[in-house]
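*Asks:* Order-wise, the sequence lines are chains A and B.
Last residue of the first sequence: 308 in the numbering used here, with the numbers rising by one and none dropped.
Last residue of the second sequence: 106 in the numbering used here, with the numbers rising by one and none dropped.
What the hints contain is simulated information worked out from the structure, not anything from laboratory work.
Yeah, the Cβ is synthetic: ideal placement off N, Cα and C, and Gly gets one too.
A hint or two may mislead.
[What the hints assert, rightly or not] Footprint (simulated), chain A over chain B, 3 or more residues, beta carbon under 8 Å:
id	stretch
1	18 to 28
2	60 to 66
[Claimed, not checked] Label-pair ranges, simulated between beta-carbon atoms:
id	chain 1	residue 1	chain 2	residue 2	range
3	B	E39	A	G90	15 to 25 Å
4	B	P4	A	G301	28 to 38 Å
5	A	V281	B	G38	45 to 55 Å
Now for the letters of each chain:
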Amino acid sequence: MVAAAVGVVAAADAGAVVADARRRDRVGISWRPELAAGIYLHLSHIDVLEVLADNFFVAPRRMIGALRALGREVPLTLHGVGMGLASTFGVEMARVEPMARLAAALEPESWSEHLAFVRAGGTEIGHLAVPPRTIPTVEGALANIERAARVVGTAPEFENVATLVEPPGSTLDEAAWVRSIIRGSGTSLLLDLHNLYANARNFGHDPLALLEAMPLAQVRCVHISGGRWINAPSGGRRLLDDHLHDPPGDVYLLLEHLAALTAQPLTVILERDGHYPPFAVLVAELDGARAALARGRRRRGLLLPAAA
Amino acid sequence: MSSPAFEAFLARLYTDKDLRLRCLASAADVAREYGLSGEECLALEAIDRDGLILAAESYARKRRSKANFNPGRTRLWSRALRHTLGLLLCFASRVTGRHSGKHMNS
């Protein structure tokens, strides 16, 4: 991957370099109750925290107060998982209004959701599923984004989703579908590098080529995480994005390549949902992300000052 | 293709084991039963069978995990947050004077 990456870096745009050099790349982690102590004790290593919004939609006032206190120390972003905006079905306002209330209470930097559907026709899938990648789902997503942005007050950033199954009935490839929604809506792409990596490995694509086909100028935030290989019934293997393992080395290489290809500052969030290692391991992974960003910026000839 | 009806069918396919088994045995029969178009029927016949089985298992695990969610644990952490770590926060704020502004991006 590294060899393939060298030489692809575009020349830096001088104007963008000057404008963006005033800002910084940042590295943070997803907030989880199990990580609370480690996070508080290592705030100097954490530039931003991403809060899983759905866990706080019906939270008691004191919990919201605790998050507000946290937000006075570290910038917060909200991350939603339950709206299912990438769908030909219109999003129900009852799914969006809790996000609007939480955003009003916490005043986060931004909020995000997924390019996925999670229910249809009264059936709850229970998780993020990729709909058929078609023009109708692009149009459905654009309508839902507009509706959600009107209610919350700002447009979300959108995350690409990992899938174990090629969405049946698709007429667009993943990158074309993502580009159509991101550019059509004018929103930013929250680029999950492990999701991208898993999809590339599972369906026979080159991860670097898939990365380069994404709308990289619209990326502001990045997720890194890990997963594990699982056996397929017919004998092959698929990479499951489970957030229970360390990010693989290739994810850091993709991050480096992304930093080399983009001029805008990036915010990288480490996601971990269980099998928590000692917090020192997570700090090392945050440092690994910073190092990958710095390597990429050097390749681009644009070394932004490291965040404190 | 990709009508709301097809999306609803996929949601059922991902969550209903019996439907999934029947579809894997004869996609054309299931497509007829659900009134899917010819194009949608072809998509089902060409479905990524391994991926369908693995994805459905993964969604089922997620649904079980949500069903087992224990709100008591969240309340416990909320108290820990407020009482113990809040003190640390105040202390850290006074020592470092750290403060961060925040605004929603427009």
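*Asks:* How does the coverage statement for the stretch 60 to 66 of chain B fare against chain A, requiring three or more residues with Cβ below 8 Å from a Cβ of that chain?
*Replies:* holds (count 4)
*Asks:* Can you tell me whether the CB distance of P4(B) to G301(A) sits inside 28 to 38 Å?
*Replies:* Violated: the Cβ-Cβ distance is about 49 Å, outside 28 to 38 Å.
*Asks:* Hint says 15 to 25 Å; check whether the CB-CB distance for E39(B) and G90(A) agrees.
*Replies:* With a Cβ separation near 23 Å, E39(B) and G90(A) satisfy 15 to 25 Å, so the hint holds.
*Asks:* Count residues of the stretch 18 to 28 of chain B with a Cβ under 8 Å from any Cβ of chain A, then say if the count reaches three.
*Replies:* violated (count 0)
*Asks:* Confirm or reject the claim that V281(A) and G38(B) have a C-beta distance inside 45 to 55 Å.
*Replies:* Given about 53 Å between the Cβ atoms, the range holds.
Hint compliance for this structure: hints 1, 4 are not met, and every other hint is.
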